[in-house]
Amino acid sequence: MNITDTSRVLDAVAQEYVPGELNLLPRILSSLEKKNDARLRSRRTSLVLIVLVTVLVLVMAAISIPAVAQAMQRLFGFIPGVGLVDRSAPMRVLAEPVVLTRSGVSLTVSDAILSADRSLLVVDIKGVPLDAYPASESDPGCLGAARLRLPDGTLLDGGNISGGNWSFFQSRLEFAPIPPGVNAATLLLGCIGGTLPGKLPQDWVVPLRFVPAPPQMTINPVFEISPSPVQIGQSGTPAPSQPILTLEKYVELENGYILIGAFHTVHLSNGLTVTGSDQTGIVKITDANGQVVPAEPAYDVQFPTSTSDYSPWAFKIQGRQFSWPLSITLAQAIVRLPEQQMKFTFDTGSDPQAGQEWLLNKDVEMNGYRARLISIRRGADGYAFILQHGPQVVSVGAWFEGTNAVGGGGGLNSQGYQELDETYTGTPPAGKLTVVLSIQTVLVPGLWSVTWQPDVLPTPAPSLQATAGSVCTLTEDNLPQLAPVPASMTGKALLYQKLDQSGAWGIVLANLDGSQRQVIANPGNWSALAPDGARVVYSYDVLYLADLQSGKVTALAGTNGNDYNPLWSPDGKWIAFINSVNGTHISLIVPDGTGLRRLYDDSNHGALAGWSPDGAQLYFTAPGLDGWTLYAIDLATGTVKTLFVLEDASLKAPNATVSPDGAWLAYRDRVMNVYLVRMDGTDRHLVASGPVGISTIVWSGDWLGIGVGNFNAEDTLGLLQPQTCQAYTLPELHGNLEGLRLP
Amino acid sequence: MDDVQAIQQLKQADIGGLEILVTRYQVKAVRTAFLITHDEPMAEDVVQDTFIHIYQHIRQFDENRLFEPYFMRCVVNAALNAVRKKSRWTPSEPGADIDELEALLLQAASVEQQVEFNQLKGEILAALNKLSARQRAAVVQRYYLGMSEKEMAGTLETAPGTVKWLLNAARSRLRDLLHERSAK
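Chain order of the listed sequences is D and P. Numbered per our numbering, the first sequence finishes at 743, counting up by one with no gaps. Numbered per our numbering, the second sequence finishes at 1184, counting up by one with no gaps.
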């Protein structure tokens, strides 16, 4: 039966119910969006727990646990110059730039990005003459409000288009999202912002068309990090009630990353409060070696609304090669002290003179922070307070109580002291005055940090510097780097292989270099090469024996259909196999079809694993309550002995095989890696790995033949000698490796 | 853009990659699921959920693997699970009617008259309907998706031998059936 034809028939059957013009995409995207929302909600709930745990960790202070970032993909993308865009619906862009020129002034809609969350237009204005602007700053001119009109008449507000005070000006307008399917809109602009009414053409009407975004449009991936990595505080620092610093997203750029996070207003264990909005700008990013990573604010990231309690930040770091992970550290927090004042009386005398200075050396201490009012100096129109304080104090207030100062300033004077001025419009006050001192903001040393590294490191170093012919663990990475099997190494490989383009699979025998390819069975499956290399047994309903020299194929008379998994005894005198009529049974038969002997009724659909070197025991594996288990059948007595459970074995098929010397068992684990374990269950170690999975394992002497699976293509085959770490590929061989015979 | 590029795009959280894969495989996938579930809305749900699953786990997907067979295996498994959950179909004994179905498929693949073909399509659907979901999955994989028996063994969550037994049994009966027909 031709598979292609049957496929066509079944397709026609299904077509009546499932038409070709199906479109699941909107449903899928909508569902993804909902799932992400749901995740966010559940994360918020779990955040309470996370915060509690974090507080405990910080209270214990000395404990330092590296942060673990659980990063997940979101539907956001980042477009340089545009910012974060929601990609849960197909993006659209401007079909073509639109230029409208009137009386020498041109309005160009140069770009548009329509995403699920907003519609962004970039509008350039050129050619505005200077006399179109008001002469006075107090006259703001036209507002320049822009709107988008959709085909159904809906009007969307989107900010103002300004001409600025330049002949060229670019405005970025953000409108509400335009529904999918609406691919036209009209930009309406009454007048160009900042210009005088009547000076320039008014009532601009600009038709726009949108098209699906081209696949090659640069949209950088955005990864949400939730929850934020745990914030670690340096030992001895005051413990915050919750993290001050969180890392929320990162953007993967071609040559760097953008880290997006926030500062939060939190209460410290010393009674002080750290205000989120005060912190921006004092973050330090370092690599794992403590080296500072150059970073700059990322201005093209639009933030959620900032509040006094929540202050988002974004830093762009250049480069992708660092000693990971990076630490984002808030070395010290700016803290506003609770409102406190110290007052004392100061007498200027009745006629203070400009330049007169009174030495006071008055100390003030608040919350353990100190400052000193060194002196007060009379100026031409007021007074200056000269203050001294340590580096942990950021700002100190000093003023005369109850006076009507109209201005003032401050800064470091030539002596390095902080100087605060008070100025008055009339005669400055004199006589007995009340001086008020207040330490207002201080720095709290924190070294609160979070560590981060991208989900996928840019160019992960090869896990194994494989040199040709020398690896101890075969991986997908090093398999292509291995040398092909040398010509000096001869042998035969038995393969279950696609025979031709018709899709038929059969059994093939070939030399290791692919030469002398010989089709043994077509069709046929489950094959085994006799120890002498002269015969092949395979199954197809019943078992068949193929004599390679004569080419004669004989059905083994003793087998009765539904026989598979044949396995030669070491001396070639017996074939063990599984029969699955009315249950599964492990049986033996002599290669001439006589001597059929049922050894064991295995209701668990087990698989044969091998023989002991002396042929006295037959091993098989079968799934049990604790997982796949290795058993041994003593052929002399027929007793079955449980050996050990295959640790973390593949649930479906561990493909366990015993080495010819009876010392090792090779099997697949749950992710299709291959492990070797001694026959007493000890010394388990990895010999082949790869996310694709290892499909087949065969032994010949102390060599392992391994097929790295490709799902509908054929396996990539390799040879590995675990003891010597010699390894080669078999580039000329294709299919599933069923047997191997190396002289 | 080929599948590899689409997957790479998707791995970089670019949803455009998913769009390409959905557009490319949704019809075949829904038809596959339908042939197993015999329930159009369920088939669409199955494929939708499979795409979402793929999206959520795409970072574990190795681009060196071919996407289509991997994806179709997921669809087959999801369709089977969906049927099991709903228990809408009365399972028959394994192998009970596969021979009949295979004969019909063979016949339909060789007919020249559209009228006859249409009639056979109805019979094929009816024959499929008699099978258990697991059997339908085996037939769909072998005769619709063109998977090898070893590939199918992985999908059906059973030992390879079990699948081979199913197909071997079916084939032998089919041979008998064809012999009978040619003898008539």
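You may find that some hints are simply not true.
[Claimed, not checked] In silico lysine-lysine, DSS-like type, Cα no more than 30 Å apart, as pairs: (1) P:Lys1130 x P:Lys1028; (2) P:Lys1028 x P:Lys1011; (3) D:Lys362 x D:Lys316; (4) P:Lys1011 x D:Lys316; (5) D:Lys573 x P:Lys1121; (6) D:Lys362 x D:Lys343.
I should point out that these hints are in silico values taken from the structure, not numbers from a laboratory.
Note to self: Hint by hint, where does the structure go against what was stated? Just the numbers, ascending.
What the structure shows: The structure breaks hints 3, 5; every other hint is satisfied.
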